Amino acid sequence: DAGVIQSPRHEVTEMGQEVTLRCKPISGHDYLFWYRQTMMRGLELLIYFNNNVPIDDSGMPEDRFSAKMPNASFSTLKIQPSEPRDSAVYFCASSRGQALTKNTEAFFGQGTRLTVV
Amino acid sequence: AQSVSQHNHHVILSEAASLELGCNYSYGGTVNLFWYVQYPGQHLQLLLKYFSGDPLVKGIKGFEAEFIKSKFSFNLRKPSVQWSDTAEYFCAVKVWGGKLIFGQGTELSVKP
Numbered sequence: 050d051a052g053v054i055q056s057p058r059h060e061v062t063e064m065g066q067e068v069t070l071r072c073k074p075i076s077g078h079d080y081l082f083w084y085r086q087t088m089m090r091g092l093e094l095l096i097y098f099n100n101n102v103p104i105d106d107s108g109m110p111e112d113r114f115s116a117k118m119p120n121a122s123f124s125t126l127k128i129q130p131s132e133p134r135d136s137a138v139y140f141c142a143s144s145r146g147q148a149l150t151k152n153t154e155a156f157f158g159q160g161t162r163l164t165v166v
Numbered sequence: 153a154q155s156v157s158q159h160n161h162h163v164i165l166s167e168a169a170s171l172e173l174g175c176n177y178s179y180g181g182t183v184n185l186f187w188y189v190q191y192p193g194q195h196l197q198l199l200l201k202y203f204s205g206d207p208l209v210k211g212i213k214g215f216e217a218e219f220i221k222s223k224f225s226f227n228l229r230k231p232s233v234q235w236s237d238t239a240e241y242f243c244a245v246k247v248w249g250g251k252l253i254f255g256q257g258t259e260l261s262v263k264p
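If you read the sequences in order, they're chains H and G.
Just so we're aligned, residue 50 is where the first sequence starts under the working numbering, counting upward by one.
Just so we're aligned, residue 153 is where the second sequence starts under the working numbering, counting upward by one.
Calculated from the structure, these hints are not laboratory results.
Watch out, some of these pointers could steer you wrong.
[Claimed, not checked] Cβ-Cβ distance ranges computed for the label pairs, FRET-style:
#1 Gln129/H with Gly205/G: 42 to 50 Å
#2 Arg229/G with Ala51/H: 27 to 35 Å
#3 His159/G with Thr69/H: 21 to 29 Å
#4 His159/G with Val166/H: 31 to 39 Å
#5 Gln234/G with Gly52/H: 25 to 33 Å
#6 Gly180/G with Pro110/H: 22 to 30 Å
#7 Lys127/H with Thr182/G: 29 to 37 Å
#8 Ser222/G with Arg90/H: 27 to 35 Å
Keep in mind it's a predicted model, so treat the numbers as computed, not measured.
From the three backbone atoms N, C-alpha and C, an ideal C-beta is built for every residue, glycine too.
Chain G with its partners taken away, still in its complex shape (with noise of 0.2 Å):
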């Protein structure tokens, strides 16, 4: 079955350090990518997403994510965290037929 991991549960951070969050998914066949962000109280919003093409796409607010596909990973970069990016991350996997499939997520702390 298909199935998406997400290395950290939670990270805490000081303002102005880098960041990476890793994301694993097991599938065989091609995939869309993507990284959604959920701020404390609220819905899910996408934050990148990569269809095909430059494995390196950028996001909003600073976010790029690189997609490796011999290594089934779609990790999450930022060079400089804010206070304002604490939130929840999640990874997300879509497959032909149009599953959606959600990782774990990972809680980031963004300290000031």
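The shape of chain H in the complex, shown without the other chains (with noise of 0.2 Å):
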């Protein structure tokens, strides 16, 4: 498999645009997650999905932002409009079973650099 897939890489835009960021997860994997990493905040949980279904969206910072998982090898996070604080590296992830049991761990992708100007 390769891996959990993020795309853009990088991504610049000006503020009040709209930006999709997209990923992939792994092939089998029932669990998808997005995270926001900043320096001032560290490793923030914005949503995560079960079987395509959003479980908890408590992280999500404002309505400004929206996630989307419509099948089981797609899911984006929506950001309408952007602003400047909202730069930061956003990473998806994924992982196997909702049980406490062995090789349900996450899987990282390789992250979408955001930067609004």
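Using the hints, put the two chains back together into the complex; each one sits in its own frame.
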């Protein structure tokens, strides 16, 4: 498997524009996570899905942020409108199983570095 | 709410020094515990994990961690660090239902 694939790797956009980040999880994984990493806040969990259904979106900072998972192999994180304070690295991760057993660790994508100017 | 706390934001060591990074979590139920490493400019990679059994777990590159249930702790250790261990280290907790929460991270700088 190619691992978790995120696109784009880098995104520079102007304030007010819509930004869409994409993620393809590892095949067979039923959990998908979106994290945001900044110097100030570290690694924050924004939202996670189980079997394509959002389970907990309490980490989504504002209504400007939305995430979807239309099928098991694709998820998007959208910011509309974007603001300079949204600049960060956004990571997608996937894992298998909710039970607390072996081999359910999360695998991370390479991340998308978003810069809003 | 569940949370993970890492004691040190930045640790600076000389090569061959011993390392211990602290991690505590707040959650009353059964957990799985992880340490991830992030080298500069890269994504997070799994260093080691605890699911059950022996509370002392060994990971890659000579790292180990000990789960102390009574203290809600999962500290990371390495007897002798190398310059190549310079990275950011994240402790994470997985709770029932699949939620995976990370600590703030500890940046480790190893001087040659």
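We went through each hint and held it up to the structure:
{"no.": "1", "hint": "Gln129/H with Gly205/G: 42 to 50 Å", "result": "holds (47 Å)"}
{"no.": "2", "hint": "Arg229/G with Ala51/H: 27 to 35 Å", "result": "holds (33 Å)"}
{"no.": "3", "hint": "His159/G with Thr69/H: 21 to 29 Å", "result": "violated (38 Å)"}
{"no.": "4", "hint": "His159/G with Val166/H: 31 to 39 Å", "result": "holds (36 Å)"}
{"no.": "5", "hint": "Gln234/G with Gly52/H: 25 to 33 Å", "result": "holds (26 Å)"}
{"no.": "6", "hint": "Gly180/G with Pro110/H: 22 to 30 Å", "result": "holds (27 Å)"}
{"no.": "7", "hint": "Lys127/H with Thr182/G: 29 to 37 Å", "result": "holds (35 Å)"}
{"no.": "8", "hint": "Ser222/G with Arg90/H: 27 to 35 Å", "result": "holds (30 Å)"}
Hint 3 from the list above is the single one not met by this structure.
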